[in-house]
Structure formats: C-alpha cells, structure tokens
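Participant: Below, each chain spelled out in residue letters.
2 protein chains.
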Amino acid sequence: MNRVRLLDTTLRDGTQGEGISLTVADKLRIAQKLDDLGIAYIEGGFPAANPKDQDFFRRAQSELTLKNAKITAFGSTRRPSTTVETDEGVRALLDSGAPVITIVGKAWDFHVHEALRVELADNLAMIVETVAWLKKHDREVIFDAEHFFDGYRHNSEYAISTLQAAADAGVDWVTLCDTNGGTLPDVVADIVKQVRQVVSVPIGIHAHNDCELAVANTLAAVKEGALMAHGTINGIGERCGNANLISIIPNLELKLERPCLPTKAHLVHLTELSRFVSEIANLVPHSYQPFVGHSAFAHKGGIHVSAIARNPDTYEHIRPELVGNERRILVSELSGLSNLQHRAEELGLNIEGRTQEVRTLLNRIKQLEYEGYQFEGAEASQELLFVKLLGGYEELFQFESMRVEATQQVGSAITSEAIVKLSVQGEMVHTVAEGNGPVNALDEALRKAMRPFYPVIDTMHLTDYKVRVLDEKDGTAAKVRVLIESTNGYDIWRTIGVSENVIEASWEALADSMSYFLLCVAKCGEAQSMELT
Amino acid sequence: MNRVRLLDTTLRDGTQGEGISLTVADKLRIAQKLDDLGIAYIEGGFPAANPKDQDFFRRAQSELTLKNAKITAFGSTRRPSTTVETDEGVRALLDSGAPVITIVGKAWDFHVHEALRVELADNLAMIVETVAWLKKHDREVIFDAEHFFDGYRHNSEYAISTLQAAADAGVDWVTLCDTNGGTLPDVVADIVKQVRQVVSVPIGIHAHNDCELAVANTLAAVKEGALMAHGTINGIGERCGNANLISIIPNLELKLERPCLPTKAHLVHLTELSRFVSEIANLVPHSYQPFVGHSAFAHKGGIHVSAIARNPDTYEHIRPELVGNERRILVSELSGLSNLQHRAEELGLNIEGRTQEVRTLLNRIKQLEYEGYQFEGAEASQELLFVKLLGGYEELFQFESMRVEATQQVGSAITSEAIVKLSVQGEMVHTVAEGNGPVNALDEALRKAMRPFYPVIDTMHLTDYKVRVLDEKDGTAAKVRVLIESTNGYDIWRTIGVSENVIEASWEALADSMSYFLLCVAKCGEAQSMELT
Chain A
1 MNRVRLLDTT LRDGTQGEGI SLTVADKLRI AQKLDDLGIA YIEGGFPAAN PKDQDFFRRA
61 QSELTLKNAK ITAFGSTRRP STTVETDEGV RALLDSGAPV ITIVGKAWDF HVHEALRVEL
121 ADNLAMIVET VAWLKKHDRE VIFDAEHFFD GYRHNSEYAI STLQAAADAG VDWVTLCDTN
181 GGTLPDVVAD IVKQVRQVVS VPIGIHAHND CELAVANTLA AVKEGALMAH GTINGIGERC
241 GNANLISIIP NLELKLERPC LPTKAHLVHL TELSRFVSEI ANLVPHSYQP FVGHSAFAHK
301 GGIHVSAIAR NPDTYEHIRP ELVGNERRIL VSELSGLSNL QHRAEELGLN IEGRTQEVRT
361 LLNRIKQLEY EGYQFEGAEA SQELLFVKLL GGYEELFQFE SMRVEATQQV GSAITSEAIV
421 KLSVQGEMVH TVAEGNGPVN ALDEALRKAM RPFYPVIDTM HLTDYKVRVL DEKDGTAAKV
481 RVLIESTNGY DIWRTIGVSE NVIEASWEAL ADSMSYFLLC VAKCGEAQSM ELT
Chain B
1 MNRVRLLDTT LRDGTQGEGI SLTVADKLRI AQKLDDLGIA YIEGGFPAAN PKDQDFFRRA
61 QSELTLKNAK ITAFGSTRRP STTVETDEGV RALLDSGAPV ITIVGKAWDF HVHEALRVEL
121 ADNLAMIVET VAWLKKHDRE VIFDAEHFFD GYRHNSEYAI STLQAAADAG VDWVTLCDTN
181 GGTLPDVVAD IVKQVRQVVS VPIGIHAHND CELAVANTLA AVKEGALMAH GTINGIGERC
241 GNANLISIIP NLELKLERPC LPTKAHLVHL TELSRFVSEI ANLVPHSYQP FVGHSAFAHK
301 GGIHVSAIAR NPDTYEHIRP ELVGNERRIL VSELSGLSNL QHRAEELGLN IEGRTQEVRT
361 LLNRIKQLEY EGYQFEGAEA SQELLFVKLL GGYEELFQFE SMRVEATQQV GSAITSEAIV
421 KLSVQGEMVH TVAEGNGPVN ALDEALRKAM RPFYPVIDTM HLTDYKVRVL DEKDGTAAKV
481 RVLIESTNGY DIWRTIGVSE NVIEASWEAL ADSMSYFLLC VAKCGEAQSM ELT
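Residue numbers (full-length UniProt numbering), protein chains in the order written: chain A, 1 to 533; chain B, 1 to 533.
Heads up, a few of these hints could be off.
[Said to hold, decoys possible] Each computed SDA-like pair below joins lysine to any residue, with the alpha-carbon atoms no more than 25 angstroms apart:
1) Lys-421(A) / Val-410(B)
2) Lys-466(B) / Ala-413(A)
3) Lys-366(B) / Gly-348(B)
4) Lys-466(A) / Leu-283(A)
[Unchecked claim] One-sided and incomplete, this derived list gives chain A residues near chain B with beta-carbon spacing under 10 angstroms:
5) Asn-180
6) Ala-298
7) His-317
8) Val-404
9) Lys-421
10) Gln-425
11) Asn-436
[To be verified] What follows is a set of in silico ranges between Cβ atoms, one per label pair, in the way DEER data are often shown:
12) Arg-364(B) / Arg-451(A): 40 to 48 angstroms
13) Tyr-370(A) / Ser-401(B): 38 to 46 angstroms
14) Gln-197(A) / Leu-470(B): 48 to 56 angstroms
15) Leu-94(B) / Lys-33(A): 54 to 62 angstroms
16) Glu-279(A) / Lys-366(B): 18 to 26 angstroms
17) Leu-322(A) / Leu-470(B): 33 to 41 angstroms
18) Ala-413(A) / Gln-425(B): 24 to 32 angstroms
19) Met-428(A) / Leu-470(B): 34 to 42 angstroms
Hint data in this document are derived by calculation from the structure and do not stem from the laboratory. C-beta atoms are modelled at their ideal positions from N, C-alpha and C, and glycine is treated no differently.
With the rest of the complex left out, here is chain A:
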C-alpha cells in the first residue's frame, strides 16, 4: 500500500493561530526538526503576503540539510485582474525557489461570488492558468481546494470542476480542504469516496479542528484513499487549529498500519518535536495531549497503579517509549502508601521496615498539597522531600535573612538589588547582587554565596519561571505558586515554591533548584545524566 505523505503547515497555517508568532530563525529550527522526524513536505510560508517568509525560503536553501522533506511555498491562484505572467503573488512563489508549490483556490461557488467576486468560469481559468504556469516552471504543484466539503454539499458539480481544472493543467495533487472545520467524519469519508471515482490525481486532506474532529476526519479520508495528510505540530492554527500531526502520525503508523514516516523507529522523535515546537512558539505544552503529553501515560488511580506494575498492557493502549514519551506513577493527594513506596523504590531509597517514616512523608506531602504545592509538575522538589525524610539528606545551607528591592525614578530604568545572608558549611556568608529583576538579583546573590563552596553551580542555569495565583478570588493578595525550570545543558528539572509573597515562593524554588543540582552532582558526577533513579 502507498505510503501516506505528510504535509506539515506549522510554519504557514500554524502561524495563523492566535498568539503565535515565529521568527525566521525559529522557522528554520522547526523545519530541521520536522525533517528529522521524516515529514515529506514542509510548507514554509506565504511569500507573497509576508516578507519574513521570503527570507525563510532564501535561508532554507543554504542553511537546512534535509534528508526527507521538500520545502513547499504557499500562495493563491493569480488574482482576477492579472495574468499569471504578471501576477506578483505567482512571481513571489517562483522566486521563493521552493521545489514544491501549494496553490489555494476557491471550490465553493458561494465563495467565488461572495469573497472573490468573479464569475464561476473565471475562477476555473485562474486555477488552470496558475497550475499550468507553475508546471511549465517545473514545480511539483499541489492544488488546495478551499472549502471543498462545504462547496461539494452546495454544488458538487462545480466543486469537482475545480479539481478537474487543476488536473487538466497537470497538477500533482489536489487537496480537499475543510477550511471552516465543520464537517463530520462520515461526510468526509463519503465525499472522498465520490471524488476518487471521478478524479484521477492523488488526493490530499486538509482538516481544521472546529468540531474537535480534525484527526478523525483525516483518518477517515486516508481510509477512503487520500494519500496526503496536511496538519500542524500540536494542531496549532487559526481558531481551533489544524489537524494535529502529532496524533495523526502514531494513529496511522501504529493503529491503521499505514506508514507515513521513513521507518516506524522515527516515531520516537514525536514527543521531543511536540515539546520543541511548544517551546519555540512560547506556548505552554498541553499536559493532557494525546501520545506526547506529560500526563498521557501518567497513572494516578490506585487500582490502575498496581495493575500497571504487573502488566502495562492492562491500562496502556500503546507503549509510551514508541513515541518517545514515558510512563509516570503519580504521588498525589489521592495516592496511598503503595504509590509512595513505589516511588521511593524508584529513587533507590531503602524503605524496608520504615513504615513510620514513610507515613510521616505521606502526611507531609498531603499537608503541602493542601497548602497549594503540586509536585506533579515539580518532581525535583518532590525528590528532595523524599531524600530529606527518608535518605538522610542534609541542607547545604541555613537561611539567615534576605532583602530584595526594586527602585524606579521617572526617566530612568528600574533597578533591582538583593541581599542574602546564609550559613554555608558552618561559615556565615553575606552577599549582595544586582539583577534585571528582583528574582534575577536573588538568583545572583545566592550564586555569589554558594560559588566559593560549590563552583559547579555555574554550569547550571534557569530556563523558565512561571507564577500562578492559587486562589484567583483574592488577586494580588492571594497565594502564588512559582515553578522554576533549570538545566545543566544535559537534563532539565523543575522545582516549586508556594507563598503569599512571590519573592519568598521564588526563593524556595530557586534554593530547591540548586540543592537538587548539587545533590545530583554529588551522586552521579557533573557530566553524567542527572536522573536520581
């Protein structure tokens, strides 16, 4: 059976999503990762509409090393009032240098009249002439039939005639687009089946997620013979987003046994790619996301946990390793002693005959969770708690005092200063530092105090800092939860602090981050993988 070709449009349709904006450098980095996964077509942008995109196509030619993907440029059929030879948009497509070109055109008669405002025959001429011109310039050409499904329901004859116009002009692919995202899977299946009976060019599917059905619609089209699937990483895109390739890919490879990557082993990059794109696009990764989410293989219920321990097939539809994700057993408010013992064993802590200490730990965790701590997103703080109560861990410093200040005068920049006083290895240390903000100043002052004793701390740094109000009803007077993410370049760990004061909560998370790092270094050495387990 023919391999399904994936067309990723994260860099084009994805950037239409609200709050999403990518620089050219971001786009190049994402394109390289898409190629690593084994995507066949990377739709890089809309050069006629966006000068930044022109820059992307120029740099892609020299800066990307592609093993699997062809770079694709997106544009419209020529405008009604021009000729293909003189149309600026068509010229921008050819100038992009992309070997593949996607041309979008109208397939719904209503849109030809309402949005384009030309006669139906004129629209067909625009399709034919644009496709023929691009083929004459030796490009692989994909015709995106906009609003195909809505158009087909209103005037199937005209919708089909747009595909045939493209086919007659030598197009390589026709894509049936559910532009408004309102079509249901069996309607998609029916229409794809009917189209295949009258159109001989290979068919693609381009679905949007307005009914939460984009993945199902894509699979339905593939089952009826579509050979190309469009989508974006994590389903980002306008309104409710595009079809999510991160779910489509494993469903095709693992469930329908329809290959779409160079090898099944390429699937292992899926989780990494999903998180990479979230990070670059500055979006919070969706923890519940199918296949790749942090929670996707997290087990919380007591019955589940004991069954999973005996046999993972009981409660997992696939092995998480296949898609580069991992199983997690959660220690949380609902969990009992057995979950906690399981976690202690994972951490290599001997709990044989120490039921009382394990119970103390459980009560301590429950108390902290009641106060607003959430260790599910801060495993490093949780591990510190385990080693403090069960592993004989001793604090690396004793807190004495701190003061943080931010000052601003009209017309000059704001300044921040932090002063900390600690006892480290029996010695009193008093340091002061400036920073871009109060938390940065605190980070610097703490480093200054610790550095003489633990110079290795300069190999770690913070990568993310988030604050969330816990009880939204109280606004700025409420408790806040600070989450900090840190890295040494090899590994990433997360720590937490909770307080009514954002400075205190930040301090707690900062101190945990350094303590965790130094604990790992003591255990495993600097350059080793830092997992305590």
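Knowing the structure of chain A, use the given hints to seat chain B on it.
Facilitator: Then chain B, alone, in the frame of chain A:
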C-alpha cells in the same frame, strides 16, 4: 428519534486528571451548572473510595435544586471475597442516597485474570449479584463494561456475556467503555452495531481521548444506536482525558440533529459552563478549544476578515452565539490597516480622514508586539492604546518614582512594602503601603494615592495575576510578561505589562487596569456594563 442521554462524569472520572482537585463546595457548584445546561445524569463521585464524595452525596440532597439531572453514584461490582449484602463498597453506594448507580465491572477476560485475579465465571456472578441487589433496592442501574472494546477484540463471546449478565439481572443501561482510549471510530461503530444485534438493553458509550478521537468515537457510537453518551466538561480526566461533552453536545444538537438537551436554546450556556469549570478547577482555559475557546471564532487573516464582515457563513461553521461564544476580529502583528480601522469603529472612535494617526497606532502596536506585548489576551490595555492615540485620552496621573522591598529574617515571616510618588490632578502624592507580597503592596500604595481623587476604585479588584518568561533561554534574567485580570463584580478586563523586571511589568499592568476602569466609569457610570463598545 430517541433523545441521547448525557452522563457527565466531570466530578468523578474528571477528578482523576493530573493536577485536578475539587472540594465538595466546588462539586456542588459545578453540579448546579450542569443541571442548568440540561445534563441528564451527573456522576458525582465514588463514595466507597473517597469520604469527600460521601459528603457530596449527602449535601447534594439538600443543597441542589435540580430541574433536569439525576445524581449518580459510581462504584465497583462487589469484591471477589464478599457477598453483596456485606460488601462495603456496595453499601456505600446505597448509603449515598443517589437514585442512579453506575457499577463498573470487567469485560476483558485478560483483566479478569490479570487485575481481578478470579475465574471468568466468578466475574459474571459478581456482575449479576451486584446489579440484582441494587435493582432490588429500586435504583436505576448503569453497568459500565470496563475495557469493553479491547475485551471484545480479544474474546467477543466473553465480553458480550458480561453485558448479558447485567441485562439478565435487570440493568437499565450497559455502557461500552474504551477505558484505555486506544480504539478507532470505525472499530467502535462496528462493535456497537454487533452488540446491538445481541443485547436488548439500551447502550451507552464511554470514550477516552488517548488517540485524540474520543469525540469521534462517541459520535460514531451514537450513529450506530448508542443512546447514552458519557463525558466530562472540557474533556478533563486521567491521562489524556475523557470524551469532551463541550464538543459532543453541539455536534449532536447542531450537526447530527440528535437532541441531547431539553431544548436547543440550552446550548447557549455551553461557553459559560466550560469557562466556569476551568476556573473552579484552577485550569487555564484552553484558548483554541472547539466551540467555546476564546479563539474559536477569532479571525486574523486579512482575507478572512473582509469576507467575514460581508457574510459570516463564509468562514464560520456555526454562529458563535448559538453556543454562547462570540466572534472576534484580531488586531495583531499580521493585521493591516483594515483590521485596525474595524476595531476602532467597534470602539466608537471616529477615524474619518485620520489615516496618519491610524498608521501611527498600527506602528506603535507592531513595535510593542515586537517587544513582547500580546494584546490578544489583554484587550483593556489595547483599548487604552486606541483611546490614547485616537481618542484624546489623557493619563490620570504622572509617574514620579516607586520603590518596592521584601525582607525576611530567619524565624519570622517575610514582609513587603511599596512606596509610590505620583502627580494626580496636578497634586504630588507620596504613599506607602504594606502587602502580602511586593505586587500586593504596590497595588495598595497605588490605591492609596488614587483613592482621594477617585474613591470608586475600591469597587474594583484584581482576580488573577500571571507571569510568563518571554525568552526561556535566559531564565530569570529574561523579559517577563505580566497579565492581570480585574473585575468590578459585573465585568472582567485584562491588562498587560512587559519588562525585564517583574515589578515594572506588574506596575504597568496594574496602572492600566485602574486607568481602564476609571475610563469606563467616566463613560458609562459605575454600575453599567463596562464594555466600551
């Protein structure tokens, strides 16, 4: 055609989701809202496993006024080693006082052996006896056949025999559960069709979203004759969550023309309910969520915007008002003059013949977005910008200086103090205030300065405060974006600040929040709706 009955399990299966925890009071408030929407069954909890849930069932009887819903308690078939008369779990179900009881039992032979560790016949006896006992106590009984689809594929005869056991004992409904969430829509459709040929009891569907197909699976089952659909609000639940009722409901009502609410008009509560549950569960609402998301009917692309303005059907699959949502035209980095003019008109600003000023505003917005501002989530700050540049708005105060301090000594609580110096209505004001944290102190000091001039500010307060690092690579030294949400009890508005210093960013968002409020009061009066439009 029979109405589809909805069973909402937000309060039971939903709370298995990672990071989700609801108090009894939360659950009661959500249950009341579910009833307002017109949900038929509200699964309130698992009384045998959770004392908090027992409390919910007790209070539900006196505190809820239900027009549409029946409260449902969830539990297991009796344990292998007990009798129904003595089983504590079964007793807890009856004690809950709920008129409807859901009993989960094993339908996959593999699980009977691996997880339950009993003979196949014993499992059937557990089902028969438990159902019969509950029926004897006059409860409406739903049998949830756990792992039904996986079980059916491995041993269809045994899977069917579990349903028949429940039917023979007088069960009212049998639910086919895709517990691991790994089944595809056509497999669901096939199996539902086969089950209906041999089982006469009405059938329900309970899907999980591990393949991003839970909504599609639910619709597929309903099309094949399932008459009950289980799910949760916003799809919260263990791992990747349960089937999302917020998408299932409008798909049934508007697309499949299968009624599931008392009237189609009840749909208008959908958006409100979705956001209410996010807020109560302390989850960030998913902006791209189908039907109800803030972005679900947001239009960004230039072509779309002009077509939408002429005729909404061109780019919307349903009218947003039907589900209580609204259309939004975004002014963003990609937008041109026409979007911005459209927005200015919405705000009632006369821009006739002021092309140069509109252009200045556009450049200013582009510059700010380049610096990290994102007005899509902070419309109040955006409106202030419009009125400053086009509406002749003048600042209510001039900034002179501020100082914020947080101090902590070992053994005592951290303290925060803020000092601000402003010129208000030509008068220099110098105030100092303490707070739970530095931002709260700043809020208090600003109020203290403004109060003598604008006493009305005490009718507004902050409800949410979020901080996000913009360039994660730089950690605590990076730029941060502060988003503040405020309310006067009637309306909610959001403002933004961006700086390398979290205090400066917070100040900006705080000042915008008060300025926006006072502008609205000046325009519309205190108790009026605050929309400027």
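Participant: Using the nearest Cβ pair, does Val-404(A) come within less than 10 angstroms of chain B?
Facilitator: At about 5 angstroms, which falls below the 10 angstroms cut-off, the nearest Cβ of chain B leaves the hint on Val-404(A) intact, so it holds.
Participant: Taking the beta carbons of Met-428(A) and Leu-470(B), is their distance inside 34 to 42 angstroms?
Facilitator: Holds: the Cβ-Cβ distance is about 37 angstroms, inside 34 to 42 angstroms.
Participant: Starting from the range 40 to 48 angstroms, see whether the pair Arg-364(B) and Arg-451(A) falls in it by beta-carbon distance.
Facilitator: For Arg-364(B) and Arg-451(A) the Cβ distance comes to about 43 angstroms; the hint holds.
Participant: Regarding the pair Lys-366(B) and Gly-348(B), is the alpha-carbon distance no greater than 25 angstroms?
Facilitator: This hinted pair holds, its Cα atoms lying about 22 angstroms apart.
Participant: Is the shortest C-beta separation between Ala-298(A) and chain B less than 10 angstroms?
Facilitator: At 5 angstroms from the nearest chain B Cβ, Ala-298(A) passes the 10 angstroms test, so the hint holds.
Participant: With a cut-off of 10 angstroms, does the beta carbon of Asn-180(A) approach a beta carbon of chain B closely enough for the hint to hold?
Facilitator: Because about 4 angstroms separates Asn-180(A) from the closest Cβ in chain B, which is inside the 10 angstroms limit, the hint holds.
Participant: Does the nearest C-beta of chain B fall within a distance shorter than 10 angstroms of the C-beta of Asn-436(A)?
Facilitator: Status holds, d = 4 angstroms.
Participant: Has the hinted range 38 to 46 angstroms been met by the Cβ atoms of Tyr-370(A) and Ser-401(B)?
Facilitator: The hinted range 38 to 46 angstroms holds for Tyr-370(A) and Ser-401(B), with Cβ atoms some 41 angstroms apart.
Participant: Is the interface hint for His-317(A) satisfied, with its Cβ closer than 10 angstroms to some Cβ of chain B?
Facilitator: This interface hint holds because 3 angstroms falls under the 10 angstroms limit.
Participant: Straight-line Cα separation of Lys-466(B) and Ala-413(A) no greater than 25 angstroms?
Facilitator: holds, 23 angstroms
Participant: Would the hint linking Lys-421(A) and Val-410(B) be met if the CA-CA limit is 25 angstroms?
Facilitator: Holds. Lys-421(A) to Val-410(B) sits at ~10 angstroms (cutoff 25 angstroms).
Participant: Holds or violated: Lys-466(A) with Leu-283(A), Cα cutoff 25 angstroms?
Facilitator: Holds. Lys-466(A) to Leu-283(A) sits at ~12 angstroms (cutoff 25 angstroms).
Checked against the numbered hints above, the structure violates only hint 10.
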